[in-house]
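Enquirer: As given, the protein sequences belong to chains A and B, one line each in that order. Each residue of the first sequence is one higher than the one before, counting from 1 in my numbering. Each residue of the second sequence is one higher than the one before, counting from 1001 in my numbering.
Hints in this document: simulated from the structure, not taken from any laboratory. Warning: the hint list may mix true and false statements.
What the hints assert, rightly or not - Taking lysine-lysine pairs in the DSS-like style, the calculated list, with each CA pair at most 25 Å apart, reads:
(1) LYS46(A) with LYS111(A)
(2) LYS111(A) with LYS1187(B)
(3) LYS1092(B) with LYS111(A)
(4) LYS1082(B) with LYS18(A)
(5) LYS147(A) with LYS1187(B)
(6) LYS18(A) with LYS1093(B)
(7) LYS1082(B) with LYS111(A)
(8) LYS1092(B) with LYS18(A)
(9) LYS242(A) with LYS1187(B)
(10) LYS1187(B) with LYS122(A)
Okay, here's what each chain looks like letter by letter:
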Amino acid sequence: MNLTLHVWRQSGPNQPGKLEQYDAKNVSPDQSFLEMLDEVNEELIKEGKDPIVFDHDCREGICGMCSQVINGVPHGGQERTTVCQLHMRNFNDGDTIYIEPWRALAFPIVKDLIVDRSGLEKIMQAGGYTSCHTGGVADGNAILVPKVDADYAMDAAECIGCGACVAACPNGSAMLYTSAKVAQLAALPQGKAEAAQRVCAMTDAMQEAGFGNCSNHYECQAACPKGINVKFIARLNREYQKSLFK
Amino acid sequence: MRILTSSVGRKILMSITGQLLILFILIHLIGNSTIFFGPNGINAYAEHLHSLPPLVWAFRLFMGAAIAVHICYGVMLTLENKAANPGAYAVKKNLKASFASENMIWTGLLVLAFIVYHLLQFTVHGTPDVVVGLDSANRPDVFRMVVTSFGNGLIALAYVFAMIMLFLHLSHGIPSFLQTMGWNNEKTIPAFGTGGKVISAVLMLAYISIPAVILAGLLKL
Ligand code: HEM
Ligand code: FES
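For reference, chain A alone in the conformation it holds in the complex (with noise of 0.2 Å):
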């Protein structure tokens, strides 16, 4: 099938950029969004032309890199997939394709649909661990966690951080990515002690990050790869309540 691209392309931060039109051309639908998007730039590099950048590492929805709006949705809006994993077979012969970055404040594009997400990183540096005491290995039931803990903070670690509830969300907030790391801590004995610091620290470094704030729009939930719960959020927000009275 033959499609029509329309990609950001900006050369660096701060500089000014604009969708650009491109073709792809007998694009197979066994083919990966990325790998559309890889045999486009080798036609690029063919013709001498500066190829399209975009984030992409592990390419099997594990990593979190690939990072892409998808005629306005982040991962193009097949339910829990990423971009690495969308197939171009959801698309049709003739289709008009929009890619942009994420956009949000606290991403600045460093090229292309490159953005900067290390305000994610500074969240996740202001809370997102446990402390414990290194030494000999601890026996590994000497804390016992129920199956439906263990269960619910699973659901929650399942975030890859990719950050596509930012760029989904009307207030570019990362509520849903702070409150995934607050629920799932919270969740084990072996977060429950830091519990309080923790919220109030990962709440702050959002704010710091320049991310908005949550009004519960709840567009992340639906953007988000991995069917990350808004349940987390209404987690992080007892666990704030809880925060004010230690």
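Guided by the hints, dock chain B with the ligands onto chain A, whose structure is given.
Expert: Chain B with the ligands only, in chain A's frame:
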């Protein structure tokens, strides 16, 4: 005070003040519906309500403070959120956000404009349509005042419009305050979304019924 500056803290203050305003709306509706019992209903209710001026003023100050906090943070959070999203997508498709959730600040400000007008009219008696007088029992004749004003189609229409704005504000506001308080889980999230819309619609229709019944000539002087 961390709650006054933090992202989540300010949302909680918005949520609590929003809940107080909803509580007021419920009580106000019950009070207003005494109009269906005619002059003896609403005039007696109004007289009882104002029989203790210090209490009336304490209540007004409390509600004024709640709405002031709600507006201050509403404006502040909205400005921050607009700044955090440069909104530069050439194509952006919302999957979940609604007209109501995206326009909270505008429906809120229109409700505020209505509150100012409403107070100016029926509390201050400062608009030309208002007739003040006493009824046969020497009570302020609230019934005559309301029925006369709502007899004017334009005024009734303004009230209907304001109630539609309130409906939009609350159809997102009710599920939103529950989420902000953390009173939510995977099962309740969709249920509260629907419930919020239903409750807002019922409130809207109940409020609209007063000018509607008067315009239809079912409540007469
Ligand atoms: C009778 C009047 C009002 C009622 C009952 C009401 C109720 C509510 C409720 C319940 C919420 C949800 C709070 C939450 O998400 O936790 C809300 C949010 C909001 N209200 Fe109001 N409100 C009223 C008037 C106003 C006014 C006058 C404004 C004007 C600025 C306003 C602006 C907002 C905004 C911007 C939000 C969204 C805040 C956010 O999600 O970040 N509201 N309101
Ligand atoms: S490239 Fe790793 S998740 Fe897409």
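Enquirer: Evaluate each hint against the coordinates.
Expert: Outcome of the hint check:
Between LYS46(A) and LYS111(A), the direct Cα distance comes to roughly 21 Å. Compliance with the 25 Å bound is thereby established for this hinted pair. Distance restraint check for LYS111(A) and LYS1187(B): the Cα-Cα separation of roughly 41 Å exceeds the 25 Å cut-off, and the hinted pair is therefore not satisfied. This hinted pair checks out: LYS1092(B) and LYS111(A) have alpha carbons roughly 20 Å apart, not beyond 25 Å. This hinted pair checks out: LYS1082(B) and LYS18(A) have alpha carbons roughly 22 Å apart, not beyond 25 Å.
This hinted pair checks out: LYS147(A) and LYS1187(B) have alpha carbons roughly 20 Å apart, not beyond 25 Å. A hinted pair counts as satisfied when its Cα atoms are at most 25 Å apart, and LYS18(A) with LYS1093(B) qualifies at roughly 19 Å. Of the pairs offered as hints, the one joining LYS1082(B) and LYS111(A) holds, with about 24 Å between alpha carbons and a cut-off of 25 Å not exceeded. Between LYS1092(B) and LYS18(A), the direct Cα distance comes to roughly 16 Å. Compliance with the 25 Å bound is thereby established for this hinted pair.
Taken as a hint, the LYS242(A) and LYS1187(B) pair is honoured in the structure, with Cα atoms around 23 Å apart against an allowance of 25 Å. Straight-line distance between C-alpha atoms of LYS1187(B) and LYS122(A) comes to about 32 Å, which puts the hinted pair past the 25 Å bound.
Comparing the model with each numbered hint stated earlier shows that hints 2, 10 do not hold.
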